[in-house]
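Novice: Could you slot chain B onto chain A? The hints should help.
Sequences listed follow chains A and B, in order. Taking this note's numbering, the leading residue of the first sequence gets 1, the next gets one more, and so forth. Taking this note's numbering, the leading residue of the second sequence gets 1, the next gets one more, and so forth.
Please note that a few of the clues may not be correct.
Per the computed footprint, the stretches of chain B lying under chain A, defined by three or more beta-carbons under 8 Å from a beta-carbon of chain A, are [stated by the list, open to error]:
1) 11-20
2) 113-120
3) 314-324
4) 347-361
5) 391-400
6) 409-419
Hints listed in this document are in silico derivations from the structure and should not be mistaken for laboratory results. Every residue gets a Cβ at the ideal spot worked out from N, C-alpha and C, and that includes glycine.
Residue strings, one per chain:
There are 2 protein chains.
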Amino acid sequence: MAKDADAVTTVLGRIPLLEPAPEVDGGLFPAKAFAGEVVPFEITAFREGHDLIGVDLVLLDPAGQQTSHRLAKLGPERPDRWGVLALLDAPGEWLFRFQAWADEWATWRAVADKKIPAGVDIAVTFQEGAILAERAAKDTRRPKSERRHLEDVRAALLNEATAPEARLAAASEPRLTQIMTERPLVDLQTLSVTRRVQVERARAGVGSWYEFFPRSIGAKKRPDGSWQSGTFRTAALRLPEVAAMGFDVVYLPPIHPIGRAFRKGPNNALVAGENDPGSPWAIGSPEGGHDAIHPDLGTVEDFQFFLGKAELSGLEVALDLALQASPDHPWVQSHPEWFTTLPDGTIAYAENPPKKYQDIYPLNFDNDYDGLRHEVRRIVEHWIGLGIKIFRVDNPHTKPLHFWEWLIHDVNAQHPEVVFLAEAFSRPAVMQTLAKAGFQQSYSYFTWRNTKSELEEFLTTMSRDWAAHYRANLFVNTPDILTEYLQFGGRPAFKIRAAIAATAGPVWGVYSGFELYESVARPGAEEYIDNEKYEYRPRDFARALASGDSLAPYLTMLNQARDAHPALRQLRNLTLHRADDDAVLVYSKHLPARFARSGKADTVIVVANVDPHSVRETVVHLDVEALGLKPGIEFEVRDLVTGQRWQWSARNYVRLDAFYEPVHILHVKEPS
Amino acid sequence: MAKDADAVTTVLGRIPLLEPAPEVDGGLFPAKAFAGEVVPFEITAFREGHDLIGVDLVLLDPAGQQTSHRLAKLGPERPDRWGVLALLDAPGEWLFRFQAWADEWATWRAVADKKIPAGVDIAVTFQEGAILAERAAKDTRRPKSERRHLEDVRAALLNEATAPEARLAAASEPRLTQIMTERPLVDLQTLSVTRRVQVERARAGVGSWYEFFPRSIGAKKRPDGSWQSGTFRTAALRLPEVAAMGFDVVYLPPIHPIGRAFRKGPNNALVAGENDPGSPWAIGSPEGGHDAIHPDLGTVEDFQFFLGKAELSGLEVALDLALQASPDHPWVQSHPEWFTTLPDGTIAYAENPPKKYQDIYPLNFDNDYDGLRHEVRRIVEHWIGLGIKIFRVDNPHTKPLHFWEWLIHDVNAQHPEVVFLAEAFSRPAVMQTLAKAGFQQSYSYFTWRNTKSELEEFLTTMSRDWAAHYRANLFVNTPDILTEYLQFGGRPAFKIRAAIAATAGPVWGVYSGFELYESVARPGAEEYIDNEKYEYRPRDFARALASGDSLAPYLTMLNQARDAHPALRQLRNLTLHRADDDAVLVYSKHLPARFARSGKADTVIVVANVDPHSVRETVVHLDVEALGLKPGIEFEVRDLVTGQRWQWSARNYVRLDAFYEPVHILHVKEPS
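Pulled out of the complex, with its shape left as it was, chain A reads as follows (with noise of 0.2 Å):
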C-alpha cells in the first residue's frame, strides 16, 4: 500500500460544504451587497449517514468585527440546503465562511424520542444522554448556573427511581434546548471556503432618481425663433420640486460642449437649425472635452452653485460618463490615435453598416489603451474632485470590459463611495458581465415587461439570480424609450408603471415629462416625439399640477412609501404571491423585525393590475408564512394609496379598477 499515503490531500473536509451563497462565477468575483441590505446566506452541508449537524455562517466585518449566525435547513423542498439572513450594515469587504459540526445532543435527542417510548434500550441511551450533558456541564466556558443546570440535567436522566417518560422530559425542557442550541456541543467541526462580499453604500443600491435636462429648465424661445437656454442657476430653481417628489438622485445627461460637426436638428434630423443646440452626447467642440462645461449651461462655478443647491435639497447629483467624441472634439486633434483612422486618413465615424452617424467618433482602445484609460481615469477625478459621486455610464457594452473593471476599481480604491450605472441594452451575458466587472448598478429590460407572466418571471430574476452581482435599476421611462405599454395604456399605465417599479425594486427611476403623462412617440418608435436630446422642451410642472393633470402627487406618495417602509429598500426580500386574474400581479416585500430599526417586521403587499384598460376582480392567495405570520392568522392591511383599510388572511378579494386606482400597496400591521 501507499507509504505516502497522506500526500493525497482532499477537496472535501470532515463535513462536506459546498456551493456557498451569495458567490459570483465560483467565486472569480466577490459577490456585491449594499450597506444596510439584508442578505441571504447559503450552503450545502450535510453528514453521512444519519447524524445531525449543525451550520453557522462566520461573518467577518471591514473593521475586523466577527460574528456567527446559525444557519436553518431550508426545507423539504431543498433537502441539505441551509440558509439564513444576515444585516451587512457597513460598506468595505466582507468576508464569510461556514461551519458545520456535528450536533451530538440533538442526534441523541432524536434517538432517544424513538427509543424510549418504544421501550428500546432505555438504560443505555439515558447513559449517553448522561455522558453529553456531563461534557457539556464540564465546560469552563459555561456560566456557572448553565453548568449547575446541565449537571441537574444528567442527573435526572440517570435518576432510575423516576418513569423513563420524566427522565425524556428532562431531556426536552426549554432552558435545557436553550443551552444546548446557543451553546451546543462541537464536534467534527469543518470549516468551508471564505468567500468576499463586497458592500457599497446604500445608494450604490437604494434611491429613487429624477432624469432631467437642465437647458430646458427655464429655456425660453426668444421672438426671433432662437432661443435662451436654461443654466444651472435657472436649472436649480427645480431642485427643491424634485426633491418634494421625494427622489434622491438628480442624473444630468451630459453637460459637456456640444459639437457642431453634422449636429442632429429636431426629431434626429440629419441637419440641425441655426437655433437647434443638438444632442448632450455629441460630445466636445473647441469651447473643450469631457472635462469642460457647456457655455450655455454657466461656468464651474454655475455648477458648483447648482451642487450646493442640490445638497441643501438631499439631493445626489449623478452624472453622464458618455465615452465618445463629436468630430469636433479636442481630442481628434490632440489624441488622432484614441480613433480608429481609415486608410484614406479620415477618422471613421460610428456606424451600424451601411448607416452611418456621422456626428460621433467612437473611441478605439486598442492604439493606445494606457493613454486612453488614464485620460478617462483623469476626467472622472475631475468630477470626483467637484463633488460627483454617481456615474450614469452610456453604451458601456461599446468599450472593452476589462477597461471597466480596470476603472472601477481603480476609482473605488481611492474612492469607494463612488457608484457607476450601466446603461447597456445587450445580450444577456454583456449585460451580466458587466456587473460582475464592477457595475454597481444596471439599466435593465424592466421597461418592456409588462403583462403580469413576464414581471413575475423578470422578479423573480432579478431578486434572486441577479442579485449578488446585478442590480436593476427600475426606470419607467428614458430620453430613449416611451414604451407602447405608454403610449397606449393611458394614465393607469403611468401609475403601474411607477408603483411595480417603486415598489419591487430598491432602486428605480423617472425622467422628466412622465409626471406629465407625456406619451407621444415619433411614428413607429418607441422613442418620444419632439425628442428632448435634441431641442429645449420648458415644461409647466405647476400648471399642471393646478389642473390635477399631474402625476407628481402619486410619485410623491410612492417614495414617501418607500422612505416610511424599510421593507421597500430591500432587494432579495420579494416573494410572489398568486392571483387567480392572469392581469394582477401580486408581490410582497417583507423585513423581519430583527433587522428594523423600529423593532417592528415591515410587510408590504403589493397587488397591481397590469392590464391598464380594465377593472379586474380576483382572489389573492398569500403565502402568510413570507409575511412573517402564522398560517390562518387574519391581519389589518392598509392600502397606502387611498388610506383604505381592511381585514386579510391567505385568501382575499381584490377589485382593482384602473381607470380608479390600479394598484393597492398594502401595508401589513402586524397582529398583537
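Specialist: Then chain B, alone, in the frame of chain A:
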C-alpha cells in the same frame, strides 16, 4: 488620479471568457470523462460592440501534446455561448483552456457585405480589406502558395477597373474563406482560465454489468435438506454464458466469510436455520474478514481460477466493498476502536431507531481515522494484487465523504485503472457529492423512473447536467430492487427496461434472474421473495432458454447493438425527440463521422412504448439535425430488434405493440 493605477488587476481579459464547461463546482473538482468519450466543450465569449471574434479550445493531453479546436456559436437561443466537440482518447489528466481573438477579416467581410451593395464607402472599404489581405500575405509562417493567393486577393480588391460586386466576390471566394478560417488573422488574443478533465479508462464509463451470487451457481440441496454451496469452480462454468450474452463485467456480492451471530434466515427472518448461508454483507467470521474468502466458495487459488476463466471469456470481475462487520469479524477483537462502544461496554449495532440490525456492526471512522482508513486501503490493495480493478462500494453514503475522496485518489494515484461504483440511494446532494469525491460510477434512481416524462427528465439530467461528474450505471434490477413496474408489467416490462438501460447510457447492469423474468416480490416490498441474499438460488437458465422463457437472447441482441454502434457507448450525445403519444419515449444517440473509427457517422434512434400493457400508435417528430442529417431528407432505418427496414423522415408513424416488441432500436443508414 491614482499613481499606482496598474495595481488594479482585472479578472476579465481583453475579450471576456467566462463559465467554461465542463466544469464541476467552479473548478473545485476536476471534470470527469472516459477514454474515447466525445465531450462538448463550451465557453461564454463575446466582444464589446459589433466586431466579430473567433474562439479556439486548446487541449493538452496527458502526454503533453497540444491540439486546437475551433468553436462555433451555439445558436440564437444561447447567444454568446460557443462550443465544440472533442474526443478525449487517452486516460490521464487533460488540461484545457480557451483562447479568443478579434477576427478582423470576418468583421471586415460582414461590414463590406453591407456597405458595398449599398454603395457606401466603396474605395475605403476595399482598401481596408486589401490591408488585411496584405497582412496575411506577409505572414511567413503561411505556405508560399497561400501567400501568393492572398496577394492576388489584395490586388483584386484594389482593382478599380472591375465592378464593386466583382471585387466583393473576390473577397468571398471559397479558397480565401478556407485560408482565413484555418489560419485567421489573430488580434487581441485572450486566454481563459485552465481547467482539468480527469480521463479514466473506458470501462469507467462504458460497460454491460452482470451481477450474480457465485454460491448459487452449482449449489445443490442434499436429501437431508442441507445445501452444498456453489464454489468459484462451479460458478466459473457460468462465465462463458454471461460472456455470450455480451456482458463485460461480472459483479460478485461479497465473497468473504459470513458471520454466525444473529445471522438472517430466508426472507430476512430474524433467526437463521442451521442450513441457511446468511447474507454475504454480514462480513467476517473466525475464518477471516474483508481480506479473506468464504471457505464454502473455495480458496484463493479457486478465486484465481475463477478470475482466469473470466479473463478467458473477456470478462472483468468487480468485487463488493462493504465496510461493515458481523459481530464475528476479527476486527471486533483486534480493533474495537473501529466500532462504537456504548456506555455499557457493548458495541453498537446498526440501527434505524427504534429498529436494530444485530447482524451488523457499523464502522466508526472518528475514533481512529488513520488506523481504519489504512486498513481499508490495505484490503483494497490486497484485492488489486489478486487482479481486481473494479469495486462496487456498498452504502458509501454512510461513511465520511472525505474518506472516499482520500481512498479513491490514493488508490488511483498508484492504480489509475481502478474503478469505484457508488451504491448510494440518498438525497441528491449526497449522491452528487460522492461522485465529485471521485466515484467513477454511481447507482441512480433510474429503476424508479418509468413513465415517459420521468425518463425524459432523468435522461436529460444524466446526459447533460451530471455528465461531468456523475455517471449513472443503469441497473435494471438488483438483489434489493424489484420495482412495481417489473412486478406488474409482465414480460414486456423487462424488455422495455433493458432496452432503455442498454441504449440510453453507456453503462448498464442486470442482476441474475432478470433474464428469467423473475417478478414475484415479498408482499408489500419492492424486493424479491426468497431473496438470494439469504439463501441459495440455483437457476435453470438452459431450460428457460430452450422453452422460450428466457430474455437472454434479447439481452444478447442489446449488447451486440452496443458493440456494433459506438454512438451507444457515449454518454453526452443523447437527444430527446417528440412523439404525440404520452407513453412513447423517443431519443437518439449520434456520433459524428469524424469521431468514428469507421469514418462514418453512427446514429441510433430508440422509440419505446413505456406502457407495457398497451399497443400504441403515434407520430414521431424527429429533430433531424441532431441526427447529423439535413432537414427535409429521407433516410432508411433498420430495426436492430427485428431487422425490419423503413424509409423515415422528420415525421414518422410508429406502432408499438408491447406484447410483440415494445421498442424500436433503429440504426440510421447514412444517405449517400
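Novice: Are the hints correct? Go through all of them and say.
Specialist: Consistency of the hints with the structure:
Counting residues of the region 11-20 of chain B whose CB lies closer than 8 Å to any CB of chain A gives 7, which reaches the minimum of 3, so the coverage claim holds. For the region 113-120 of chain B, the stated coverage by chain A holds: 4 residues have a C-beta nearer than 8 Å to a C-beta of that chain, and at least 3 were required. Using a Cβ-Cβ cut-off of 8 Å, 0 residues of the region 314-324 of chain B lie near chain A, which falls short of the minimum of three, so the contact claim is violated. Interface restraint, the region 347-361 of chain B with chain A: holds (4 residues with C-beta to C-beta distance below 8 Å; minimum three).
Counting residues of the region 391-400 of chain B whose CB lies closer than 8 Å to any CB of chain A gives 4, which reaches the minimum of 3, so the coverage claim holds. Coverage of the region 409-419 of chain B by chain A holds [criterion: at least 3 residues with CB-CB distance below 8 Å; count 4].
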